[in-house]
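Visitor: Chain order of the listed sequences is F and V. Position 375, counted from 1, in the first sequence is what my numbering calls 375; the numbers after and before it change by one each time, with no gaps. Position 63, counted from 1, in the second sequence is what my numbering calls 63; the numbers after and before it change by one each time, with no gaps.
Since the hints were derived computationally from the structure, they do not count as laboratory data. Just so you know, these numbers come straight off a predicted model, no measurement behind them. Check each hint, because a few of them may be wrong.
[Claimed, not checked] Simulated pairs of lysine-lysine, BS3-like, Cα-Cα distance not exceeding 27 Å:
# : chain 1 : residue 1 : chain 2 : residue 2
1 : F       : Lys156    : F       : Lys244
2 : V       : Lys177    : F       : Lys294
3 : V       : Lys172    : F       : Lys294
4 : F       : Lys300    : V       : Lys172
5 : V       : Lys177    : F       : Lys337
6 : F       : Lys195    : V       : Lys177
7 : V       : Lys172    : F       : Lys244
8 : F       : Lys156    : V       : Lys172
[Said to hold, decoys possible] If you anchor each label on the Cβ, the simulated ranges turn out as follows:
#  : chain 1 : residue 1 : chain 2 : residue 2 : range
9  : F       : Glu433    : V       : Ser163    : 52 to 62 Å
10 : F       : Arg23     : V       : Pro123    : 30 to 40 Å
11 : F       : Glu368    : V       : Pro123    : 39 to 49 Å
12 : F       : Ser261    : V       : Ser163    : 19 to 29 Å
13 : V       : Ser163    : F       : Arg194    : 10 to 20 Å
[Said to hold, decoys possible] Sample of chain V residues at the chain F side, in silico, Cβ under 10 Å:
#  : residue
14 : Gly76
15 : His95
16 : Ser97
17 : Phe98
18 : Ser101
19 : Gly104
20 : Phe107
21 : Gln108
22 : Asp117
23 : Trp121
24 : Pro129
25 : Gly145
26 : Pro165
Ideal Cβ positions, reconstructed from N, Cα and C, are used throughout, including at glycine.
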Amino acid sequence: MNNENTERTTSKLQENVADDVRRSRSVFRFFTGVLALSTALLGFLYFQQYEQNRAYQMKTENQYQRAFLDMSGHIENMELEMSKVLVSNSANTGISGLSDVTREASHAAGDLGQLPLVNLLLSRTNQFINQAGDYCYNLSQKKVNDPGSLTPTELKQLSELQRQTLFLRDELRKMGEQLNSRTITWIDLERNARKQEQTGSQSQTAWLPGLWNKVITALAGQGPESQAPPILANFQFVETELQKFSSLEYDGKFSETIKVSPRGLGTGQITQEQALQIAQSFLGKDNLEGHTLKVAGEGKAAIPAFAVSVVPNDAPEKTVINLDISKTGGHVVWMLKDRPVDGIKVSRDECAAAAKAYLDRRGMRNFEVVTAEEYQNMAVIILVPKQGDLSLYPDKIKVRVAMDDREVVGYDATAYLTFHHNRQLAKPKITREEAQKKLSPYVQVTGTKQVLLAKDNYQEVECWEFSCIRAGQDYLIYINNQNGREEKIFSVINTPAGRFIF
Amino acid sequence: MRYGRLIAVLLLCLGVCLGGGWYLGVGTPKAVVPGPLGSVGEKFALETAEATDGTGYPKQGDLQTMARAIHGEARGEPYEGQVAVGAVILNRVRHASFPNSVHGVIFQPGAFTAVSDGQIWTPLATDAPAFKAARDALAGWDPTGGCIYYWNPATATSKWIWSRPVVKSIGKHYFAK
Chain F
1 MNNENTERTT SKLQENVADD VRRSRSVFRF FTGVLALSTA LLGFLYFQQY EQNRAYQMKT
61 ENQYQRAFLD MSGHIENMEL EMSKVLVSNS ANTGISGLSD VTREASHAAG DLGQLPLVNL
121 LLSRTNQFIN QAGDYCYNLS QKKVNDPGSL TPTELKQLSE LQRQTLFLRD ELRKMGEQLN
181 SRTITWIDLE RNARKQEQTG SQSQTAWLPG LWNKVITALA GQGPESQAPP ILANFQFVET
241 ELQKFSSLEY DGKFSETIKV SPRGLGTGQI TQEQALQIAQ SFLGKDNLEG HTLKVAGEGK
301 AAIPAFAVSV VPNDAPEKTV INLDISKTGG HVVWMLKDRP VDGIKVSRDE CAAAAKAYLD
361 RRGMRNFEVV TAEEYQNMAV IILVPKQGDL SLYPDKIKVR VAMDDREVVG YDATAYLTFH
421 HNRQLAKPKI TREEAQKKLS PYVQVTGTKQ VLLAKDNYQE VECWEFSCIR AGQDYLIYIN
481 NQNGREEKIF SVINTPAGRF IF
Chain V
1 MRYGRLIAVL LLCLGVCLGG GWYLGVGTPK AVVPGPLGSV GEKFALETAE ATDGTGYPKQ
61 GDLQTMARAI HGEARGEPYE GQVAVGAVIL NRVRHASFPN SVHGVIFQPG AFTAVSDGQI
121 WTPLATDAPA FKAARDALAG WDPTGGCIYY WNPATATSKW IWSRPVVKSI GKHYFAK
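Let the hints inform the model, and build the full structure from the sequences given.
Guide: Written as structure tokens, this is what we have:
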């Protein structure tokens with residue numbers, strides 16, 4: 001019995017064990033299945049994601065490649081056109097060639113701006129391309145005004161430019177070959193550049209990586225900088241080489257030789273305390289009720305200034321008004337008051353009158369309103385001073401008026417302080433009638449005045465300004481009152497927000 | 001063993017969720033869909049005398065892009081700091097070493113983090129402070145006095161930037177030429 005019992009129990013046990021094994025096997029099989037399924041699923045999804053990623057990368061890479069190749073092409077054309085201008089002996093081929101250089105340069109600069117090279121700071125390379133275009137533009141203008149072949153100086157400058165363009169072209173060709181061999185891609189370069197920029201860049205501990213770099217430099221004889229990958233290194237090389245050439249002397253908007261130093265500041269240095277006093281009297285008592293004035297810093301811009309801010313006594317972290325007081329002469333350079341303006345209760349003309357009165361109160365009489373622009377319930381009024389009959393456009397002042405209560409919430413005299421001085425103005429050699437005859441016969445004149453106009457290179461010309469209409473569109477046309485030349489044409493666009501000049 | 005099947009089902013669900021979520025891009029940088037451009041009814045001004053600056057005239061679309069760039073780069077900064085960022089963009093446009101248009105400057109690869117990470121495509125209400133700042137910058141206010149660089153000294157990742165002479169500091173940013 002005992003035996004039987006034991007046997008029965010054993011067989012039962014065995015059955016149980018077999019059962020368990022069977023069950024656990026099926027569970028194991030089930031798990032394996034799930035695992036395999038999800039792995040397969042994830043793998044599939046990953047593959048899709050990878051493919052998509054690759055497609056996007058390729059797209060970006062192709063765009064970079066295109067920008068690079070386009071740029072190389074434009075630089076090549078720049079050099080070609082320059083070389084043609086150098087052998088031209090007439091104004092007409094010269095002018096069209098120079099215009100071509102300008103166009104190619106502007107395309108090249110646009111393409112360079114699309115490449116991921118911002119970390120390299122190619123400021124000289126950019127500047128070179130822009131200046132070459134600008135120089136040729138100014139030269140072509142000169143030849144339009146005074147037709148003839150190039151003077152020896154112009155020839156010399158242009159051939160120097162051509163030589164540098166040639167250098168740039170050849171360097172770009174070398175890079176093009178490297179890129180064509182497909183051993184390096186722009187995507188990689190972009191990553192590298194970012195890495196390189198960030199090496200040892202922890203600002204607060206900048207001395208530590210700096211020290212480390214010095215150690216490396218001392219041991220290896222070269223800095224980590226020189227380990228830049230190809231292309232990036234090539235661009236760095238171009239940049240340093242171009243820096244070695246002396247920069248071009250000419251009159252143009254990108255010219256380095258034009259340095260505008262402020263002429264309207266007067267003399268005498270002020271102290272911080274004086275700056276606070278000046279700010280206080282400029283803003284008036286109403287603005288400062290319950291507020292504190294403090295010098296927030298010093299600006300080292302073209303007009304060195306004390307930065308003054310006005311903070312409410314009950315909320316010291318909030319600045320309500322900012323203004324800059326020039327260190328020389330103690331003038332208010334600009335002022336901005338940040339406050340919401342709810343609704344429009346006064347017209348733009350009333351704001352213009354308020355702006356003029358605001359200047360009058362500060363002893364700046366003889367100003368006239370030129371334009372009034374309106375945005376976000378504020379009117380920005382541009383005023384210019386007059387000298388005799390002449391409106392001095394370069395010496396403008398901007399006053400921003402809140403359209404709810406006519407309060408002045410902004411002021412900017414940067415241009416006035418930079419350009420205003422006592423000018424020796426010539427008498428007009430051309431009368432208004434003579435000037436009007438120079439205008440296109442297709443425009444109808446609606447008004448005239450005499451103005452001083454500044455050109456791109458800050459050169460100032462006295463002009464007759466004619467307000468004209470053609471086919472319902474307004475224009476401002478400027479005729480030089482000394483030589484009768486048509487100096488400039490602006491298109492005037494009237495919108496509900498004001499009159500805009502383009 | 002009773003729970004074996006339940007656990008398996010849960011695991012499967014987890015796998016599907018993980019896979020699905022991963023596929024939909026949870027945790028991976030997602031392409032931000034450009035929002036509809038807010039309409040700007042008005043043009044901004046450029047008065048006659050502005051021609052002295054030698055700028056190519058900013059075009060209408062510049063305002064929208066500039067406002068978004070300012071919002072992405074300097075929201076939370078004092079108002080002056082927002083105008084300053086707009087002014088830096090415009091100073092770059094005028095500078096020979098940078099692209100010659102507002103869009104050229106803003107979209108220069110790697111130039112602005114707000115562009116690199118897509119924040120610039122966040123729709124912006126027309127009454128946002130960044131819009132006002134963009135208008136003021138376009139109208140000519142320049143608290144920086146002609147700066148072409150700015151950075152946040154606490155988070156700046158670039159090392160050369162420290163070689164630039166600081167002209168002014170506004171809010172969290174340093175401004176330099």
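Visitor: Hold the hint about Phe107 of chain V up to the distance rule: shortest CB distance to chain F must be less than 10 Å.
Guide: Phe107 of chain V check passes; min Cβ-Cβ to chain F is 8 Å, inside 10 Å.
Visitor: Is 19 to 29 Å a correct range for the gap between the Cβ atoms of Ser261 of chain F and Ser163 of chain V?
Guide: 25 Å, holds
Visitor: Return holds or violated for the Cβ distance of Glu433 of chain F and Ser163 of chain V against the range 52 to 62 Å.
Guide: 59 Å, holds
Visitor: For a C-alpha distance cap of 27 Å, please report whether Lys195 of chain F and Lys177 of chain V respect it.
Guide: Judged against 27 Å, a Cα distance of about 24 Å means the pair holds.
Visitor: Close enough to count: is the Cβ of Gly104 of chain V nearer than 10 Å to one in chain F?
Guide: 5 Å, holds
Visitor: The hint names Trp121 of chain V as touching chain F; please verify it with the least Cβ-Cβ distance against 10 Å.
Guide: 16 Å, violated
Visitor: Sort out whether Lys172 of chain V lies within 27 Å of Lys300 of chain F, counting only the CA atoms.
Guide: The given pair, whose Cα atoms are some 18 Å apart, holds under the 27 Å limit.
Visitor: For a C-alpha distance cap of 27 Å, please report whether Lys177 of chain V and Lys294 of chain F respect it.
Guide: 25 Å, holds
Visitor: Hint check: is the beta carbon of Pro165 of chain V less than 10 Å from a beta carbon of chain F?
Guide: Because about 7 Å separates Pro165 of chain V from the closest Cβ in chain F, which is inside the 10 Å limit, the hint holds.
Visitor: Please verify that hint: Ser97 of chain V, Cβ, nearest Cβ of chain F, below 10 Å or not.
Guide: 4 Å, holds
Visitor: Holds or violated: 30 to 40 Å for the Cβ distance of Arg23 of chain F and Pro123 of chain V?
Guide: Cβ of Arg23 of chain F to Cβ of Pro123 of chain V: about 58 Å, so the range 30 to 40 Å is violated.
Visitor: Can you let me know if the beta-carbon spacing of Ser163 of chain V and Arg194 of chain F is within 10 to 20 Å?
Guide: At 18 Å between Cβs, range holds.
Of the numbered hints given earlier, the model fails hints 7, 8, 10, 14, 22 and 23; all others are met.
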